[in-house]
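Trainee: Residue numbers (our numbering): 42 to 603.
Relax, there's no trap hidden among the hints.
Restricting the straight-line Cα-Cα distance to at most 30 angstroms, the calculated cross-link-like pairs of lysine-lysine (BS3-like) are:
#1 Lys113 - Lys70
#2 Lys373 - Lys415
#3 Lys459 - Lys415
#4 Lys70 - Lys186
#5 Lys358 - Lys415
#6 Lys113 - Lys186
Don't read these hints as lab results, they were simulated from the structure.
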Amino acid sequence: MKLFRPLLAIFLLIVVFVAVWLWWSTPSKVDMANYAPADSLVYVEFNNLEDVAQAIQHSEVWQATAGITKTKPATQNQFLRTAARAGIAPLPAVLFARAQLALVVVGLNTTEENETLKVRPEVAIIAETHTSRWRTKPAAVEAVKQLANFAYGASMCAERSADAEYIECSVAGGERKIVGAVDGTLVVVGNSDNAVRTCLDVRRGTRPSIYTDTELLKVRASLASEKALGFGYISPANSAKLFSWAAPLLMGKAPGDQELEQLLAVSAGKVLRGVAWTANPSDHGIEDRFLFSLEPGVVSRLQPAFETAERDQDFWKLVPEGFESLTIYRNKAPATAWSSLDSAVAFKLDALPAVLFGSLLRSSLSVYGISNPKEALATLSPPLLTLKPSPSTEGSILVARVSDEARLRRSLTEEVFKGTQGEILEGLTAKVDPEKEFAAVFADGYVLLGKSENMRAGLLALQQKAADIKDLQHSAQESSAPIVTYANDEARLNNFILTLLKLQGRRLSSEEAANLQNTLRSADLSSTETRLNAFGIERTTHSAFGQFSTFVSLLQPDGASR
Numbered sequence: 042m043k044l045f046r047p048l049l050a051i052f053l054l055i056v057v058f059v060a061v062w063l064w065w066s067t068p069s070k071v072d073m074a075n076y077a078p079a080d081s082l083v084y085v086e087f088n089n090l091e092d093v094a095q096a097i098q099h100s101e102v103w104q105a106t107a108g109i110t111k112t113k114p115a116t117q118n119q120f121l122r123t124a125a126r127a128g129i130a131p132l133p134a135v136l137f138a139r140a141q142l143a144l145v146v147v148g149l150n151t152t153e154e155n156e157t158l159k160v161r162p163e164v165a166i167i168a169e170t171h172t173s174r175w176r177t178k179p180a181a182v183e184a185v186k187q188l189a190n191f192a193y194g195a196s197m198c199a200e201r202s203a204d205a206e207y208i209e210c211s212v213a214g215g216e217r218k219i220v221g222a223v224d225g226t227l228v229v230v231g232n233s234d235n236a237v238r239t240c241l242d243v244r245r246g247t248r249p250s251i252y253t254d255t256e257l258l259k260v261r262a263s264l265a266s267e268k269a270l271g272f273g274y275i276s277p278a279n280s281a282k283l284f285s286w287a288a289p290l291l292m293g294k295a296p297g298d299q300e301l302e303q304l305l306a307v308s309a310g311k312v313l314r315g316v317a318w319t320a321n322p323s324d325h326g327i328e329d330r331f332l333f334s335l336e337p338g339v340v341s342r343l344q345p346a347f348e349t350a351e352r353d354q355d356f357w358k359l360v361p362e363g364f365e366s367l368t369i370y371r372n373k374a375p376a377t378a379w380s381s382l383d384s385a386v387a388f389k390l391d392a393l394p395a396v397l398f399g400s401l402l403r404s405s406l407s408v409y410g411i412s413n414p415k416e417a418l419a420t421l422s423p424p425l426l427t428l429k430p431s432p433s434t435e436g437s438i439l440v441a442r443v444s445d446e447a448r449l450r451r452s453l454t455e456e457v458f459k460g461t462q463g464e465i466l467e468g469l470t471a472k473v474d475p476e477k478e479f480a481a482v483f484a485d486g487y488v489l490l491g492k493s494e495n496m497r498a499g500l501l502a503l504q505q506k507a508a509d510i511k512d513l514q515h516s517a518q519e520s521s522a523p524i525v526t527y528a529n530d531e532a533r534l535n536n537f538i539l540t541l542l543k544l545q546g547r548r549l550s551s552e553e554a555a556n557l558q559n560t561l562r563s564a565d566l567s568s569t570e571t572r573l574n575a576f577g578i579e580r581t582t583h584s585a586f587g588q589f590s591t592f593v594s595l596l597q598p599d600g601a602s603r
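Based on the provided sequences and hints, a complete structural model is requested.
Mentor: So, in structure tokens, the structure goes:
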């Protein structure tokens with residue numbers, strides 16, 4: 042007994058010492074906004090990589106494909122996870138458990154190749170490793186080399202020491218490169234010197250950080266809970282800037298007209314108040330929530346566009362099996378909804394910008410052969426559908442119940458369908474003339490409108506088989522959202538899984554790849570609900586991997602060209 046007591050005391054002392062040491066060695070979280078440039082076009086942060094991995098690996102799709110990909114779930118052993126956070130584990134496990142990440146877009150470069158506009162964002166990944174430089178540097182160097190070889194193929198890499206430890210990998214004779222910098226516990230990896238240098242300047246206090254943006258702090262506090270897997274933010278000024286860059290494309294013009302873009306940016310700044318994103322785990326995968334904040338006066342004028350009508354489920358007979366995407370607009374009165382959009386924009390803008398924004402609104406319907414939205418929408422009843430029939434089609438078609446067929450026919454023939462530009466057909470078995478640009482098909486009280494090539498694909502798919510939509514119909518019936526979108530995520534899911542495997546140096550056999558595709562083909566469609574709240578427009582998406590699959594796609598060899 043006399044020997045037992047000293048041993049027990051020593052054991053308890055060791056336990057207390059280990060507990061205190063683990064607590065002391067476990068790093069405190071930092072605010073990654075302190076490392077991101079204040080003028081970042083896009084800012085995204087991930088504060089717990091383990092939670093992200095757990096959420097993805099608990100999704101139904103990941104578990105269904107685990108036998109094919111032979112992936113192992115992340116460890117659930119709390120002791121091992123605690124040890125890794127304390128730094129007493131293999132380096133990859135330590136970095137995975139301790140690191141916080143941020144992704145920033147600091148600029149956009151555009152080039153034209155063969156009449157195709159290619160966009161190359163300047164992107165940097167900022168990692169606070171909470172791990173000493175001597176341990177971090179070898180892992181960072183190896184990661185940059187692997188990333189360069191994956192993205193560009195065989196690359197030449199060189200290391201150098203200056204104000205930080207640098208590694209640069211590039212392709213011989215090309216401009217593309219990946220630059221990494223290790224500065225203490227911080228690692229910055231970017232696709233340009235400017236992207237890396239900008240982040241290092243913020244780290245050293247010679248450049249302001251996005252933490253100085255009070256709107257970011259306010260939005261993050263209201264939207265991002267402790268369980269959030271990720272948070273993203275675009276400032277009001279950059280929301281307007283990105284809109285002004287993209288808007289000319291909708292008008293059929295190439296970016297580069299500085300006067301037009303300046304006018305659009307100033308005008309959009311009077312309407313937009315920024316964009317925020319959060320990701321959270323859900324029952325079947327990931328829930329992404331986007332909030333597009335708008336000026337209060339704009340929100341109030343948008344109310345009529347989000348008033349819903351009684352449910353009409355008869356339209357499902359016009360939805361083909363294997364469709365790529367489907368959006369259901371349940372606006373109570375389509376023409377009134379359109380007028381409210383026009384009114385919301387004109388409320389904040391002067392005459393010339395209002396005309397430009399009106400042109401942008403009209404361009405969203407001109408792709409279906411509608412040049413006079415107010416007249417055409419007055420002849421239609423809810424719901425309205427936009428449908429992309431198959432993955433191979435470039436665009437979508439518009440489907441709606443017709444309340445005044447004679448008036449709609451007259452409206453079409455007086456505008457876009459006048460002469461040889463378009464044709465009006467009867468029945469789902471109609472043959473579409475490929476020489477015509479547009480086609481309108483009237484069938485069983487509905488009209489289908491769109492480009493001829495998209496219409497041919499839609500009619501062909503419907504003639505083969507209508508969708509088996511019992512589960513989908515039930516889901517749509519349960520949703521109270523004014524706008525609901527369903528999308529086939531097969532290609533994105535497949536790309537996400539294959540990219541992760543390639544980054545690990547693994548490739549599936551042809552048989553495994555075929556099995557993976559067959560498994561993903563039966564996966565549930567992603568769903569998005571769009572609503573209007575007191576602050577603006579909110580979009581909530583439920584899918585297997587959420588926006589994390591989009592971020593991973595940036596690592597693809599052609600990701601910089603999209």
